[in-house]
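Asker: Here are the chains, one letter per residue:
There are 2 protein chains.
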Amino acid sequence: MEKGQFEKDIARLKTSQLTLSSSSEKVRNDALYKIYEALERNKDYIYAENGKDLRSAEGKISPSVLHRLKFDDSKLSSVRNGILDIIKLPDPVGRILEKRELDSGFVLTRKSFPIGVIGMIFEARPDALVQIVSLCLKSGNAVILKGGKEATCSNRALFNVIAAALDETPLSSAFLMLIESHEDVASILKMDKYIDLIIPRGSNSFVRYVMDNTRIPVLGHADGICSIYVDKSANLDLAVSVIVDSKVQYPAACNAVETVLVNEEIRDSFLPLLKNALDKEGVRIHASEDVSAIIDCIPAMEDDFHREYLSLDIAIRCVKDVMEAVEHINTHGSHHTDAVIAEDEVVKDIFFSLVDSADVFSNCSTRFADGFRFGLGAEVGISTSKIHARGPVGLSGLMSYKWLLEGNGEIVRDYASGEKEFHHKDLI
Amino acid sequence: MEKGQFEKDIARLKTSQLTLSSSSEKVRNDALYKIYEALERNKDYIYAENGKDLRSAEGKISPSVLHRLKFDDSKLSSVRNGILDIIKLPDPVGRILEKRELDSGFVLTRKSFPIGVIGMIFEARPDALVQIVSLCLKSGNAVILKGGKEATCSNRALFNVIAAALDETPLSSAFLMLIESHEDVASILKMDKYIDLIIPRGSNSFVRYVMDNTRIPVLGHADGICSIYVDKSANLDLAVSVIVDSKVQYPAACNAVETVLVNEEIRDSFLPLLKNALDKEGVRIHASEDVSAIIDCIPAMEDDFHREYLSLDIAIRCVKDVMEAVEHINTHGSHHTDAVIAEDEVVKDIFFSLVDSADVFSNCSTRFADGFRFGLGAEVGISTSKIHARGPVGLSGLMSYKWLLEGNGEIVRDYASGEKEFHHKDLI
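Line order of the protein sequences matches chains A and B.
Counting along the first sequence from 1, when you hit position 76 you're at 76 in my numbering, and nothing is skipped either side.
Take any residue in the second sequence, note its place counting from 1, add 1000, and you have its number in my numbering.
Here chain A stands alone, though its shape is the one from the complex (with noise of 0.2 Å):
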């Protein structure tokens, strides 16, 4: 595609969205309903193509990214229900945040609008499409699609059948664009003139590319570097089993935990207890001296103490009390998920206030950050940054807003000169 055609393309979905944004909640959900219906329709089709991608990645790819790439029945099934699930979450689009009376009879309004034009570049998974594009066209947004490129077929053939479904609604799918070159996403990390927000899923390096390379604001996080801090209140039983979940229940996962700090009055009692835990489930200690005092592990460099393994490896060091704890996340860790393991309130009270992350945790496994975990209905992504969206994200993360403001011909002069004044009064 010619690059001024492309750039023409992508402020065409500007204008596509502005009428997306003002079409009724039925017309949303009556669309969505297409999609659902056209999926079944289409299955073999859609299987298909995806049998094509796996082909081409058998043997390439780890049978974990293999079994994500697969679309079958069962996957076909789970994105259907996510659609409907979606139908019934309540209209993001046009809510009343505030409402308040300026002066008699003058009444400003803020109210919920979509951010625009989103750009979604997302993992090797075709089920994913499918839920960005509903959760999109929910929230009234543009999206710019850009999967992994295992998933090429899937990804054409779902857009297809969808981009075919919604031509036959009154939205037609011209909010809808489907990009697959590594250039294609050059080009649009450029274009903040007419792309509102990007998320990125994939890897850490991917990620910080992305950071790295657009004025338009970023929606998503590189690393997970996650700790828990093993206070000297601490239920040992209860720790050792947080921390196993943490590590062992989805090591690739970004809110597995990667750091046990341990308070030094407890190491003697707690480590063994750990490492026993630990070496059932095969994985690797690396830790500092003060550790490899009482068990046996592989001695940490410092590099450990900054490393997201997403593997079954963990990190471990003694810490004072809980404000070194404190110090060691907020400068080793990532801002994403931490957690403490204590009875005691105040020293829960100072993690709680102290740490400076998307997710504080007490007594529980880091592996609840998650969008569907804390009942969001939907996950957009984890955002590590504190403007806008922090921690998970659900819908209301694609949200804007805009101040509506309805009068009958007033003036600044009469209210700078004195002759009126605003009573704010807030109606809601």
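Hints are not guaranteed to be accurate.
Claimed, not checked - Straight line, CA to CA, 30 Å or less: simulated DSBU-like cross-link-like pairs of lysine-lysine: (1) 190/A - 1190/B; (2) 1075/B - 425/A; (3) 1008/B - 1075/B; (4) 420/A - 1088/B; (5) 1088/B - 14/A; (6) 1099/B - 420/A; (7) 8/A - 1320/B; (8) 75/A - 1425/B; (9) 425/A - 1026/B; (10) 1088/B - 193/A; (11) 99/A - 1425/B; (12) 26/A - 111/A; (13) 1275/B - 111/A.
No lab work stands behind these hints: they were computed from the structure.
Dock chain B against chain A, hints included.
Answerer: Then chain B, alone, in the frame of chain A:
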């Protein structure tokens, strides 16, 4: 100051901020009151230092800029009253925004926390320094202050007075930093590791320079190209009065109108009325041929419809209908503040839903786009971004949040295996 030291000082702000953010409302309000008292006690020193700035600036800056630079009894009284108002505002820190039981006794809370370290770059107005410090202190944010260079002595004096007052409180002044040079501004723009948000005020070119040279999120707006569309259903006298106020009441403001779009069906009746009123105020009309066929005016270049005049100049063109007005505004405007003058409710609805701007008004002056007039209690800035905060931004724009999850040993494995189930019960 050596570069390494400067970076260490900035890093230290981050640590101080965590202490500040965990302080009680009473401690922060008491500190605000100490500043309130200290300003009165040290007014002679402040006036004397301000006098130095005034003498250096005289003849070099316009009378209106000189007026803003002056810090006298009336300005002092106004900033001190501003502090009392800020003390009275509800505490923005630690507010419970969501609370949900994920499972029995397993409670998730979304709580407001300050954003962190904020870089505030503002115009040569000494009262702005006091206001910014007060807002940041109330909201628990550390702040790096950089004021306009014409106010160097005044800012230093105010900073010294405020810092000395704070050093007598438990908070100390460690969360404040004053910088003065352009080199320091360039340095802080690179410190995305320590600084969470930049709020630049000042000339368009300066704000654009900041936006183009940092990875730190920026809250602000470069241009304020505001438009008013006069529909054929408009009350013409009301339209004239609103346009005159929007242009003349303070032409240098970002929310002053720059472009008027007139429905072509009323051009014969409306344009002479408008010209007559604008002539009386000395406003120069730049217009396209469809307008100059009716009234005398300066021929407009295409560029006139992209310009923020900030002066007694206005661009006028005719449009076919509200849709053409919307398209003009979305293409040529700056997504700041735009208004429609119409009695027809359908036209107003179309304008409200399709104009992609932070503030969309009907039948009133664009000059109402302002945090105080909106009743936000205080204004931090006006944002044309759709991310985080849009339009006039109050204290809430300085806030982020954390997700706090309090457990009793819950692990994800039990929920993944189906042994336990989330019940997601909203508690507020």
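Asker: State for each hint whether it applies.
Answerer: Evaluation of the provided hints:
| no. | hint | in the structure |
| --- | --- | --- |
| 1 | 190/A - 1190/B | holds, 20 Å |
| 2 | 1075/B - 425/A | holds, 28 Å |
| 3 | 1008/B - 1075/B | violated, 35 Å |
| 4 | 420/A - 1088/B | holds, 24 Å |
| 5 | 1088/B - 14/A | violated, 43 Å |
| 6 | 1099/B - 420/A | violated, 42 Å |
| 7 | 8/A - 1320/B | holds, 24 Å |
| 8 | 75/A - 1425/B | holds, 28 Å |
| 9 | 425/A - 1026/B | holds, 27 Å |
| 10 | 1088/B - 193/A | violated, 40 Å |
| 11 | 99/A - 1425/B | holds, 28 Å |
| 12 | 26/A - 111/A | holds, 19 Å |
| 13 | 1275/B - 111/A | violated, 35 Å |
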